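Same order as they appear, the protein sequences are chains A and B.
For the first sequence, position 97 matches number 91 in my numbering, and the numbering has no gaps at all.
For the second sequence, position 186 matches number 286 in my numbering, and the numbering has no gaps at all.
Since the hints were derived computationally from the structure, they do not count as laboratory data.
Be careful, since some hints might not be right.
[Stated by the list, open to error] Output of the computed footprint for chain A on chain B, the stretches with three or more beta carbons under 8 angstroms from beta carbons of chain A:
1) 189 to 200
2) 209 to 222
3) 235 to 246
4) 315 to 324
Values in this document were obtained by computation on a predicted structure and should not be read as measured data.
In this text, a Cβ means the ideal position worked out from N, Cα and C, and glycines have one as well.
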Amino acid sequence: MKEAIKIFTEQFPVVFSALNIGFLQTLKLFFTTLLCAIPLGLIISFGSMSKFKPLSAFTKVIVWIIRGSPLMIQLLIVYFFPGLVLHKNIWGMGEAGRFMAATVAFTLNYACYFSEIYRGGIQSVPVGQQEAGKVLGLSGTQIFFKITLLQMIKRIVPPMSNEIITLVKDTSLARIIALQEIIWAGQAFMKGSKGISGAIWPLFFTGIYYLAFSGFLTVLFGKIEKKLDYFKN
Amino acid sequence: MALLEVKNIHKKFGKTEVLRGIDFSLEKGEVLSIIGSSGSGKTTLLRCLNFLETPETGTISVGNKVLFDGESAKKLSDDEIREKRLHFGLVFQSFNLFPQYSVLENVTLAPAVLKKDTNEEIKKNALELIERVGLSDKANNYPCELSGGQQQRVAIARALALKPDILCFDEPTSALDPELTGEVLNVIKSLKSSDSTMIVVTHEMEFAKNVSDKVIFMADGVIIEQGTSEDVFDNPKSERVKAFLSKIKK
Ligand SMILES: Nc1ncnc2c1ncn2[C@@H]1O[C@H](COP(=O)(O)OP(=O)(O)OP(=O)(O)O)[C@@H](O)[C@H]1O
Ligand SMILES: [Mg+2]
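Bound-form chain A, shown alone (with noise of 0.2 angstroms):
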């Protein structure tokens, strides 16, 4: 026992270095997807309610293939099939080359969800407030910002929030491309790396950040509730 917490000791600061360089690594993924995935989800989803029925159908079908496959399959197609095809490396060399491929691949993937969630969002405003605002002469685009958003935004937040979750821990799929995220980090000390190998509890230990990190967006998300509980629709 007493040898036991001896090496852990020994271990911790090196393995906490590792973890946490691998953890800025897991945000950076992370708040790129959502910098990207939210405004793309919009546009998707007015793809997907447009009147112009080739568009609509056409970003259907692409909603649905990305949401029916596996991200993990996403990943390693946008990740290997550019060099397959056109026998070059598109998305650059190493770390960052992957970062990029795992930041398309998770911003597509997500933005194919949040689109869904918009969508309904935005149907479940009453048309009343629509045309509200269109006998006021207001444009369409005003009334978009300036009525329809903010209750949109209402609604979407207990499933955006889900969905955001989500992606804290789906994040950790982009080791599958070797992504240096804090999952990959923690296995690293399995294998062995900084003079240490064989040790499992570095992979446990990560289980400690996720926890953290959803525990702190959860709070964030509920004060958003609660700050959009001033009125009711």
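Go by the hints and put chain B with the ligands onto chain A.
This is chain B with the ligands only, laid out in the frame that chain A set:
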């Protein structure tokens, strides 16, 4: 010359013709009540006036200017429609206030977005309108904190903020509890004395009889009878109107 001139409006939804040739006119400062049984096309007519529906044929003119002509309707751009519909205001049966905005913000939103005036003027005007509908103490409340009658009065103030030539009401009290209808009808009456031109679709016969200068009775998409309040309520010519009025009285 009449302020509003409506000629030969026809409107179809799919194969059903809901309006089958509507003609009427209205002078400035007059109040017109539209009565008639459910499904006769009253709401559709108001929606056509407010450019929420596009009739297939007919013309709508305000103050000698043709706003709508079935012949050229397809060519109207969104901006043109927005400009034209500002001649009309519409108060909905279900209020349709914007829930995320306070009473004051509901009234100032459109004039501010459309830059109708300076912000100070818009606010001052809005507060006056809110006072006129008797809600000065609620200016900073949100719609969910108001009764139905209060919400409808805000909706009236909101419509007035854009100074429409003609204000339309679609059954403004039928979503309200009976004890709340009076306050809304009183506001509408008070507008009459301030010379507003109004079209009110209503099932409140007492109100229609006392307040209107003109009454139209609609059935199956046509006007069966129109005239002064006395003409229609006291000496109806058509059997349909007689039957309708006697049914209401019971
Ligand atoms: N968007 C629509 N699509 C298809 N049919 C419609 C539409 N709007 C109205 N109608 C039909 O048109 C007819 C007239 O409807 P409208 O709402 O104008 O009647 P109304 O006189 O206002 O009735 P109520 O007193 O019940 O409000 C009805 O038969 C209705 O079913
Ligand atoms: Mg109606």
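Open item on the list: Using a Cβ cutoff of 8 angstroms, are there at least 3 residues of the segment 315 to 324 of chain B near chain A, or does the coverage claim fail?
Closed with: violated (count 0)
Task: Coverage of the segment 209 to 222 of chain B by chain A (three or more Cβ within 8 angstroms) - done: holds (count 4)
Open item on the list: Using C-beta distances, would you say chain A covers the segment 235 to 246 of chain B, given that this needs three or more residues below 8 angstroms?
Closed with: With 3 residues closer than 8 angstroms to chain A, the segment 235 to 246 of chain B meets the three-residue bar; holds.
Task: Within 8 angstroms of chain A (C-beta), three or more residues of the segment 189 to 200 of chain B - done: Answer holds; 9 residues pass the 8 angstroms Cβ test.
Going through the hint list in order, the structure does not satisfy hint 4, though it satisfies all others.
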